[in-house]
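Student: Each chain, letter by letter, is given below.
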Amino acid sequence: MVVGSARDIVEECGVARMLFVDFPLGNPCGKPGDRAMQRSIVSLALDVVDTAIAPRTTVQAPVHWGSGNWRSAFMEVGDHNIEALRAAGDKRRKAQAKP
Amino acid sequence: MAERADRQETHRSYVSYIDKSREYYEASGYDQPYRWAAFDQVPFTRLTKPLAESNVAVITTTYLHHHDSAHGAPATDKVVYHHPVVDRPARMFTDDLSWDKQATHTDDPESFLPINTLTALAEDGKIGQLNHRFFGVPTEYSQRRTGLDAATIGEWCAEDQVDVALLVPL
Numbered sequence: 001m002v003v004g005s006a007r008d009i010v011e012e013c014g015v016a017r018m019l020f021v022d023f024p025l026g027n028p029c030g031k032p033g034d035r036a037m038q039r040s041i042v043s044l045a046l047d048v049v050d051t052a053i054a055p056r057t058t059v060q061a062p063v064h065w066g067s068g069n070w071r072s073a074f075m076e077v078g079d080h081n082i083e084a085l086r087a088a089g090d091k092r093r094k095a096q097a098k099p
Numbered sequence: 001m002a003e004r005a006d007r008q009e010t011h012r013s014y015v016s017y018i019d020k021s022r023e024y025y026e027a028s029g030y031d032q033p034y035r036w037a038a039f040d041q042v043p044f045t046r047l048t049k050p051l052a053e054s055n056v057a058v059i060t061t062t063y064l065h066h067h068d069s070a071h072g073a074p075a076t077d078k079v080v081y082h083h084p085v086v087d088r089p090a091r092m093f094t095d096d097l098s099w100d101k102q103a104t105h106t107d108d109p110e111s112f113l114p115i116n117t118l119t120a121l122a123e124d125g126k127i128g129q130l131n132h133r134f135f136g137v138p139t140e141y142s143q144r145r146t147g148l149d150a151a152t153i154g155e156w157c158a159e160d161q162v163d164v165a166l167l168v169p170l
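As they're listed, the protein sequences go chains Y and Z.
Quick note on numbering: my numbering labels position 27 of the first sequence as 27, and the sequence is numbered without any gaps.
Quick note on numbering: my numbering labels position 142 of the second sequence as 142, and the sequence is numbered without any gaps.
Hint data in this document are derived by calculation from the structure and do not stem from the laboratory.
All values reported here derive from a predicted model rather than from experimental measurement.
Treat each hint with caution, since some may be false.
Below, in silico cross-link-like pairs of lysine-lysine (DSSO-like), each with a Cα-Cα straight-line distance of 27 Å or less [unchecked claim]:
#1 Z/K126 to Z/K20
#2 Z/K49 to Y/K91
#3 Y/K31 to Z/K20
#4 Y/K31 to Z/K126
A partial selection of chain Y residues facing chain Z, derived with a Cβ cut-off under 8 Å [as the list claims (entries may be wrong)]:
#5 G4
#6 M75
#7 L85
#8 A97
Just so it is clear, CB atoms sit at the ideal spot from N, CA and C, and this is done for glycine as well.
Work out the full structure: start from the sequences and follow the hints.
Tutor: This is how it looks when you write it as structure tokens:
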């Protein structure tokens, strides 16, 4: 049973059961500090384990992060940062090439 | 009366991390896109006993200890591990993993490693018990290495008579 937020990666891989939590990557078991939400997500994951009848079963947890700005902001590529990304990549490759 | 939609979308609402990471690393000057694992045949087993009698284990991609991660690259010396749930760490090491560091934080382990949550669910009878140890697997670019780590965790789960494994990738 996978509890995760990267739905496409998990579904392309293929797993028996997935609980999809549509949050920014980092908190698939619920928002930090929100014990009630964490309990409901983990409890639902267990119910999916119990009730799924076939592989590739995905259930989406009925939770919402709030603002959806993180969707476009994560790993954003645009005119404003394309040169900076290229420079950072060059720097990283150069550093990793060192023995 | 017909219900109206809460929202109207012109694009798929959930994020495609395969698309995002490909475009991001291409813009960063990497020639070859990452090739994600994909399986046509997916195994499936029904639960063989009631949840309330099942032994549940958690598998995390986070790490117990701090590791240096130069230039944002994944730490390379991590190994598959197990750790007793009674010694629940107050923090896990997540700095080298790819999660959304702008939108959120990982200061609350329960948000990705639900030890206390599962302990409470066991006390309430939802599950039989939380396994006495949890398991950790490094996320590596090597799918071969990940397969070996998975086999090790499979053996540990068999030793512990784990009935249900919750895999929680960060």
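Student: So, for every hint listed, does it hold in this structure?
Tutor: How the hints compare with the structure:
1. Z/K126 to Z/K20: The given pair, whose Cα atoms are some 38 Å apart, is violated under the 27 Å limit.
2. Z/K49 to Y/K91: 54 Å, violated
3. Y/K31 to Z/K20: 23 Å, holds
4. Y/K31 to Z/K126: 22 Å, holds
5. G4: Constraint on Y/G4 satisfied, holds at 5 Å.
6. M75: 4 Å, holds
7. L85: Holds. Min distance 5 Å.
8. A97: Violated - the Cβ of Y/A97 stays beyond 8 Å from chain Z, reaching only about 11 Å at its closest.
In this structure, the hints that do not hold are numbers 1, 2 and 8, in rising order.
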